[in-house]
Each structure stands twice: as C-alpha cells, then as structure tokens.
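> Sequence:
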Amino acid sequence: MERNDSLKSFVSSAKEYLNNPNDTSTAVLQRDLGVLTTLQDLLVFTPGSPLASDFYETLYTLTSKLAPMDPLLWSVLDLLQALSTLPTALNSLIHIYKFPQLLSPFLSTSLIPEKRIKLLKLLKRLTRGIKFHWQESHLPALIQTLTQWINPSQDPELITSSLGLLINLCRKNPPAIYTLVESVNSKKFHRNLLRLQTNTPKIKILCCEILLIMEDTNYEIPEQFILNFVELTFKIIEETLEENDFKVLNEAVEFFEEVRCHEKTRNYLINYENYTKNLKDVLEKLEGKCPEAVEIISKFFTSILKLKIPGIFQFHPQLTGIALRCLKKFRISISSLSLLKTVVVDSRRNKSSDILSVPQIDFVVSLMTSEDILEDDLRAIEVIQLIQELTKISNYRMHVSQSVPEPRIREMMKKIDDDDPKKIIKNISTPLYVNLLCLISDLATSDSKWLTLYTELIQNKKNSIDFRCLHIEKRLRDEIQDTVSDFFSWIQSGMHSGCD
Numbered sequence: 000m001e002r003n004d005s006l007k008s009f010v011s012s013a014k015e016y017l018n019n020p021n022d023t024s025t026a027v028l029q030r031d032l033g034v035l036t037t038l039q040d041l042l043v044f045t046p047g048s049p050l051a052s053d054f055y056e057t058l059y060t061l062t063s064k065l066a067p068m069d070p071l072l073w074s075v076l077d078l079l080q081a082l083s084t085l086p087t088a089l090n091s092l093i094h095i096y097k098f099p100q101l102l103s104p105f106l107s108t109s110l111i112p113e114k115r116i117k118l119l120k121l122l123k124r125l126t127r128g129i130k131f132h133w134q135e136s137h138l139p140a141l142i143q144t145l146t147q148w149i150n151p152s153q154d155p156e157l158i159t160s161s162l163g164l165l166i167n168l169c170r171k172n173p174p175a176i177y178t179l180v181e182s183v184n185s186k187k188f189h190r191n192l193l194r195l196q197t198n199t200p201k202i203k204i205l206c207c208e209i210l211l212i213m214e215d216t217n218y219e220i221p222e223q224f225i226l227n228f229v230e231l232t233f234k235i236i237e238e239t240l241e242e243n244d245f246k247v248l249n250e251a252v253e254f255f256e257e258v259r260c261h262e263k264t265r266n267y268l269i270n271y272e273n274y275t276k277n278l279k280d281v282l283e284k285l286e287g288k289c290p291e292a293v294e295i296i297s298k299f300f301t302s303i304l305k306l307k308i309p310g311i312f313q314f315h316p317q318l319t320g321i322a323l324r325c326l327k328k329f330r331i332s333i334s335s336l337s338l339l340k341t342v343v344v345d346s347r348r349n350k351s352s353d354i355l356s357v358p359q360i361d362f363v364v365s366l367m368t369s370e371d372i373l374e375d376d377l378r379a380i381e382v383i384q385l386i387q388e389l390t391k392i393s394n395y396r397m398h399v400s401q402s403v404p405e406p407r408i409r410e411m412m413k414k415i416d417d418d419d420p421k422k423i424i425k426n427i428s429t430p431l432y433v434n435l436l437c438l439i440s441d442l443a444t445s446d447s448k449w450l451t452l453y454t455e456l457i458q459n460k461k462n463s464i465d466f467r468c469l470h471i472e473k474r475l476r477d478e479i480q481d482t483v484s485d486f487f488s489w490i491q492s493g494m495h496s497g498c499d
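For the sequence shown, numbering that gives the first Met the number 0 assigns the number 0 to the initial residue and increments by one for each residue that follows.
Just so you know, not all the hints are guaranteed correct.
Listed below are the simulated DSBU-like cross-link pairs for lysine-lysine, each with C-alpha atoms no more than 35 Å apart in a straight line [as the list claims (entries may be wrong)]:
{"hint": "1", "residue 1": "K391", "residue 2": "K448"}
{"hint": "2", "residue 1": "K279", "residue 2": "K234"}
{"hint": "3", "residue 1": "K186", "residue 2": "K114"}
{"hint": "4", "residue 1": "K114", "residue 2": "K7"}
{"hint": "5", "residue 1": "K350", "residue 2": "K284"}
{"hint": "6", "residue 1": "K117", "residue 2": "K246"}
{"hint": "7", "residue 1": "K186", "residue 2": "K305"}
{"hint": "8", "residue 1": "K350", "residue 2": "K328"}
{"hint": "9", "residue 1": "K288", "residue 2": "K413"}
{"hint": "10", "residue 1": "K130", "residue 2": "K187"}
{"hint": "11", "residue 1": "K391", "residue 2": "K414"}
{"hint": "12", "residue 1": "K246", "residue 2": "K328"}
{"hint": "13", "residue 1": "K187", "residue 2": "K171"}
{"hint": "14", "residue 1": "K97", "residue 2": "K64"}
{"hint": "15", "residue 1": "K298", "residue 2": "K328"}
{"hint": "16", "residue 1": "K327", "residue 2": "K288"}
{"hint": "17", "residue 1": "K298", "residue 2": "K203"}
{"hint": "18", "residue 1": "K391", "residue 2": "K130"}
{"hint": "19", "residue 1": "K117", "residue 2": "K298"}
{"hint": "20", "residue 1": "K246", "residue 2": "K187"}
{"hint": "21", "residue 1": "K123", "residue 2": "K7"}
{"hint": "22", "residue 1": "K263", "residue 2": "K246"}
{"hint": "23", "residue 1": "K284", "residue 2": "K130"}
{"hint": "24", "residue 1": "K284", "residue 2": "K246"}
{"hint": "25", "residue 1": "K171", "residue 2": "K123"}
{"hint": "26", "residue 1": "K234", "residue 2": "K263"}
{"hint": "27", "residue 1": "K391", "residue 2": "K327"}
{"hint": "28", "residue 1": "K117", "residue 2": "K187"}
{"hint": "29", "residue 1": "K307", "residue 2": "K171"}
Don't read these hints as lab results, they were simulated from the structure.
Please take these sequences and the hints and turn them into a complete structure.
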C-alpha cells in the first residue's frame, strides 16, 4: 500500500458515509479510522498538501455530523489523540480547523465517566497555549460544565482533568476569565477550590494555579494560602523525586516560578520560614538522582535564589557543585548554567567573592569553545552572561579577561555578521550579538586586547548595532545603549590609557 493510500481511503469512505449512512458505509469507515489511528508514520498527516487539506476538512465535517453516543465519534477521538502528537497536525487542529470549539459541546454530564475523562484529556491537549481574542460562543457552557466537576464530591481523576482544561482555557485569556467570573457562581467555585486543598498533591497544585488566575479578578489569595502552597510544593518535590514522577515534578517547579513572578504573590513567598530546612531535605533526596531530575530541580533552586531570602547563601557551595557536576558529566544545559549564574549574582550581593575556584572558573570559560555552544544561541547566551557576571567580581576579573578565548569571540561575531541581515532580525542572533558586545565591554576594562576589539566593533558596527537594537528586548537595548554611551565617555576621559 502506498504512503497516502490510507488517507485517500478514509476520505472516500467518510464522504460515502456522509452521503449514505448505513451499516456497510459505517463498517468501512470504522475500519479506515482504525487503520489511521494505528499508523506508525504520522508524517502522512503533515498539513500542506491538497490530500492533507482534503483529509482535515473531511474529518472536521464528519465530526460535526456525529452524535455523542455514536461509536464513530469515539473512533474519531482516538484518531485526533494520535494526530495531536504531531506538532504540525496539532497546530492545524487547533488554529485552522478549530477542533476545540467543535468538540466542546460533546462534553456533558450525560457521558459515562470513562468518556468524560477521554474527551477532557483530548481537549486539554488541544487547548494548550490556545488564545481567545473575544468571548467565543462555546466558552460559557464548557466552563459551566468544568466548574460543576471541580467539586470535592467528584472523582479525583475527573477533578484533575477538569482543572487542567480550565487552566488552559483561562491562562492569559481575559475573555475566558471573564466568562468564568460571569457565567458561574464565582464565590461558590472559589470555596470549592479552597476545600480541594485537602485532596491529592496534583489537585492542590492545579487549584493554586486557577486561584492565581482568578486573583486577577479581585479574588485575593490570602497570604496563609501562599505559605501553605510553598510547604505543599516542597512536599510534592520530595514525593516526586522518590517516585521519579518527573512530569508532576516539572509542573510543580514551573508553577512555583510562575507564583514567584506574580506581582501580588511574590512577597508572600518571601515570608515562608522553613526554606532552610526544606532545602536541606530536597538536597538529600536529590543525591544519586538521574540528570533529568537534577535539571528540573536546578530550575527550582534558581527560583528560590531569585527570592533573595536571608540565609540561603549558605547553600551556595552545594548548588555550585550541583550545577558544575551537571555541566561536566551530562550536558551543557540552560538550567544548570542559569543556576550557576544566579549563585554568582547572589554571592556578589552577599559580599561573598570566593564562590568559584580558579579551576572552576577555567572550566566555565572553556565552555565558550564547546561546539554545542557555537550551534545553540540560547546556551551561548547563558554562557556569555555567566562569564559576564564573573567579570563583575573584582577577584575574578583579571583572570577571566585573560582566559576568555578571543578567537572564539571573533568567530561567533563573524558567524552572526555573515548571516543574512533579515535573518538576524528574526532569530535569536540579535540578543547573542548584544550579549557578546556587553561581555567584550566588561573585559575591555581589564585588558587592552579586548579594548582593541571593542573599539573595532563600536567604530565599524555602530549603525548596525543601533538597527538591531530596535528589535531586541528592552533590558538588552538599554544595556547596549548605556554601553555605547559609556564607551565614548571613557575614550574622552582617557581611562583607556591605564589598561594593560
């Protein structure tokens, strides 16, 4: 059978069924749906070709004609679940063919529990990252159904799936949040969420998430609730480390960072009193764990450090060791680089200047020569920012400036300059260029070779830099503008004459 024969057969049998629904056409269509669901080569579903367009349009039309109790509908849902694992297909299902809106009316209390869960899980997958620009017609009924199931009297799996879908709908979606507040009894729902805090760890985290979303609608979260949330987060981290449940572990860590970044809850986090004890327990649980667990927990440690909690600096040596071991033994990961950078920043804030030994500094600088760095701009930026933070510590500045490989810096700058200018504007290379320039600026205060390179770049590339600065984030734009301004002031004052 040719690669596309299964799609052609489905399109044909679906159209035949739509024109003449009977036992024969139903059986043929059921067979074709089963074949498609079990295909190993999912690339046949890649959108773009005329056949693929015909396939998705036929699938949409077929789904819209089926009833909730029709066995064919549940075979279609099995196929949609398989399709959702292919990113390009998932994008088409969500944004082009609007399957979430099509499937939402099928979700009702008349479904048996197994089918409720099945449809909830599919809808959750189809709504991850979804955006609503207005109050869509399917939202009120869907949100009402979900809030009915988010109730302490319901089955935990139903509560978990309903919360997950509701969070997807409401996250950064004001129309959905407005619908939630206006179409349900918000006070009763708020009470149910607080009552569910005695449920499973997964449900507790999800309740915290939806409460944080609702907080923007004047349902203020009490400080004690956030303090309980921090305690819960540590418990979940310890439990999931023991059980190697990295999916829930990662969700807990990512949500903690979200709470940390939230303007109204950040200060509550700082008031938690048991960080020292809890961090010791987590560090003990982390002993001997696999690289995946270490990388996830590294993100959590970074979030804790960014809270600037008194007394946490005592963990700097242990956190430094974790980050360096991960970088040396496993791979150059952004989470490990970010943790090490945050430790360096926090140590400088706490007037502790000996966090890294000379061999450790040499190792960090050597990361600049890794081929992984040359091929991955995001990791390159993390390495550059880490080295730049090291140059801000007076004990390290001279050694770092002499150790950074100038040929590699020039190679990286040349690689960016050789790219097509239009490509530079669109991709990550713009902040990479600016971070390199900022690093060279800091190195130039200690070593004449860097001053020479910096002078070349400023004199020859200022117009290019100004152009690129229009397209980068504000922090980098401000930093590079200050850097250029400082450079010319520096030249005029003759400060460069004192460099080695």
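> Hinted pair, alpha-carbon criterion (35 Å max): K117, K298. Please report holds or violated.
It holds: about 32 Å lies between the C-alpha atoms, which stays within 35 Å.
> Keeping to a limit of 35 Å between CA atoms, is the pair of K327 and K288 held or broken?
16 Å, holds
> Would the pair K284 and K246 pass a check requiring their Cα atoms to be no farther apart than 35 Å?
Roughly 17 Å separates the two Cα atoms, so the pair holds.
> Checking one constraint from the list: CA of K298 to CA of K203, max 35 Å. Satisfied?
21 Å, holds
> For the pair supplied as a hint, K246 and K187, is the alpha-carbon distance within the 35 Å limit?
31 Å, holds
> Given the hint that K391 pairs with K414, does the C-alpha gap stay at or below 35 Å?
27 Å, holds
> Checking one constraint from the list: CA of K123 to CA of K7, max 35 Å. Satisfied?
29 Å, holds
> Regarding the pair K279 and K234, is the alpha-carbon distance no greater than 35 Å?
13 Å, holds
> Within 35 Å, alpha carbon to alpha carbon, are K350 and K328?
With a Cα-Cα distance of about 30 Å, the restraint between K350 and K328 holds, given a limit of 35 Å.
> Next pair to validate is K186 with K114; report whether the Cα-Cα distance is within 35 Å.
Judged against 35 Å, a Cα distance of about 29 Å means the pair holds.
> Between K186 and K305, is the straight-line Cα distance small enough, at 35 Å or below?
34 Å, holds
> Has the given pair, K391 with K327, been kept, meaning a C-alpha gap of at most 35 Å?
Within the cut-off at roughly 24 Å; holds.
Hint check: violations occur at hints 9, 18, 23; the rest are consistent with the structure.
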